[in-house]
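Put together the whole structure using the sequences plus the hints.
In the order they appear, the protein sequences are chains A and B.
Just so you know, my numbering puts 98 at position 98 of the first sequence, and the rest follows in order with no gaps.
Just so you know, my numbering puts 308 at position 308 of the second sequence, and the rest follows in order with no gaps.
Accuracy of the hints is not assured; some may be wrong.
Pairs of lysine-lysine residues, derived as DSBU-like cross-links and limited to a Cα-Cα distance of at most 30 Å, are as follows [to be verified]: (1) B:K576 x B:K556; (2) A:K94 x B:K85; (3) B:K85 x A:K89; (4) B:K230 x B:K252; (5) A:K16 x B:K22.
I should point out that these hints are in silico values taken from the structure, not numbers from a laboratory.
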Amino acid sequence: MLTVAELNAIRDRVRKQLSIREPHDRLIIGVGTVGIAAGAREVMAAAMQEVSERNLDMVVVGEDLAVSADQMPVVKFVTVNGEETVYTKVTAAKMREIVQSLEAQVGTLPNA
Amino acid sequence: MNLIRSHVLVCAGTGCSSSGSKKVQEAMHGALERHGLSQEVKVVETGCFGFCKMGPIVMIYPEGAFYCQVKPEDADELVSEHLLKGRIVERLLYQEPMTERAVPLFNDIGFYKKQHRVALRNCGKINPESIEEYIAHDGYQALARALTRMTPAEVIDEVSRSGLRGRGGGGFPTGRKWEFARASEDAIKYVVCNADEGDPGAFMDRSVLEGDPHCIVEAMTIAGYAIGAKQGYVYVRAEYPIAVERLSIAIKQAREYGLLGEHIFGTDFSFDLGIRLGAGAFVCGEETALLESIEGHRGAPRPRPPYPAVKGLWGKPTLINNVETYANIPGILRNGPDQFAAIGTEKSKGTKVFALAGKINNTGLVEVPMGTTLREIVYDIGGGIPNGKAFKACQTGGPSGGCLPTELLDTPVDYDSLKAVGSMMGSGGLIIMDEDTCMVDVARFFLEFTQDESCGKCVPCREGTKRMLEILERITKGEGVDGDIELLEELAGVISKASLCGLGQTAPNPVLATLKFFRDEYEAHIHQKRCPAGVCQALLSYHIIEDKCKGCGLCKKVCPADAISGDLRKPHSIDKDKCLKCGACAAKCPFKAISR
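Spelled out as structure tokens, the structure:
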């Protein structure tokens, strides 16, 4: 027999897994051909790991961001309201720092 | 790493499944594996997105990119371009028919922009085979609230205050129906869901069952609590195998989670659900015939009263609502009746789902607030009429409804406005017809359907529809005689008044509605032996206009009956005795030299 509290717990836990389908603050990694060649996949892996470990309420997205090759890998943080911050020449280590710096702004997902 | 960064939603409704979405899904899995992305991208099977013409549909989140008519061979490009490199694959995007502009995002597509999804809120959004995804979208919260914080009377009061009316066609206030069932005193009562969707072209109930089956389980359990029933049945046609399978899974999951069965949420309330399969008879959508069928008898209506709320299934008080009606219930109890009542018009609250079909660019399921005009549905959502043709009429209410002409395009879609212009809401079939449609032939088609589906129990329906169909067949064959229209009207009046159930009572509607707005077409068929739309074959006579014919010979080549003769670069002619009236010559002629 399920209690209402258990129902709510399932709701909160699964909602976190599905939050990707709702509007979110987005961390966009420039993963076009040049971006990947410059290490964007590693940057993305670092971003995903950090976001996951910190349980942050934002999504990591790959996009073909248009910037000059010497600025790659590039990362753009876009809030749900459309405010943008661009980071260039991002490394995996720098990516982790960026994610950490955004923690206060985006907040964390509810834990089940 | 356990973070999934993208969800690929592949529609697995009946429409997309039949156009190959299962293979697309498999191809997506394979492509993700090959590109090493299977740990960070999840493929999810969903219910119907409603835009069946564009299927198979694939949506990629978090962007909300909407890809249509995706083939298995497109999977590799979607993965390597969109999911790996973040580039939208433009060639698979939806193109607005009016502007030919490619639209990348779901929310920007005209077809969806004006829709307001209440009954279909989870369709295409969640995995219908996962109770947890439903729960994550506030599923079973309404049931929890009803069982733990409300009395049955309070539940019924909220349903009444929402203004919800039956979506199966009648438009009877749902709260009152629930009150009647509650007021009937009996230790055994039943809750039934009418999922015997029979209108040609209508598939909204199927989509709800395929895309969001738990909302029906939840709503019926709430209804059981409200009226004092412990058992419910969903009567669904066997031709809906995917809907039946998903509903079966939903019921099984609900039992496993304790959301069906004994002492739900630790209360004294117990409820369970069963599925009963119908064999597809149209009359079984009529509530008393449906009850007969559940009991194992031949599907034929019972005289009313007594109404099912008093004496229904196995003689016990029974509440019967349609799928779409139930689909609105959880939202009403979760968000409050006022929020629901704020949508729509004064007497028709909420939204209505329509199955948009026929001569229209965007066919599929649309859910709009009551009061939206037919024009908005046809042009803003439906994208207008294909091939530059003109709108001629739209049929609302399925075979029991009426055809409304261009002059009534600004009619708001609600129960009372449609009734006022001689049509009805029905269950939500909306068939669009263009200038090439013969309205007499349309009436004949619908009457042929209802005549075929008449159960034969009462004479007016069994014999009357047969006689009406015979007259219509004569008219379309050019054998109509003076007085046929009056005879049709007389028969229609008797059948409407004397038939036992809704099927017979509304069967003459397509004839009456077409006579009301397109009487001149009937007269042309009868008196001039002419079909103005050029549809009724017996009334067609193909001939070549000498002045326009260049003697190119294309018509001669395409004619399957060798009925066309003539020398090259000289006007040709058609032998009327040999002509099959297939129209192939007229379609082929580049000079529009063949008239009919």
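For each hint, the structure was consulted:
1. B:K576 x B:K556: 14 Å, holds
2. A:K94 x B:K85: 21 Å, holds
3. B:K85 x A:K89: Distance of about 18 Å is within 30 Å: holds.
4. B:K230 x B:K252: 17 Å, holds
5. A:K16 x B:K22: 27 Å, holds
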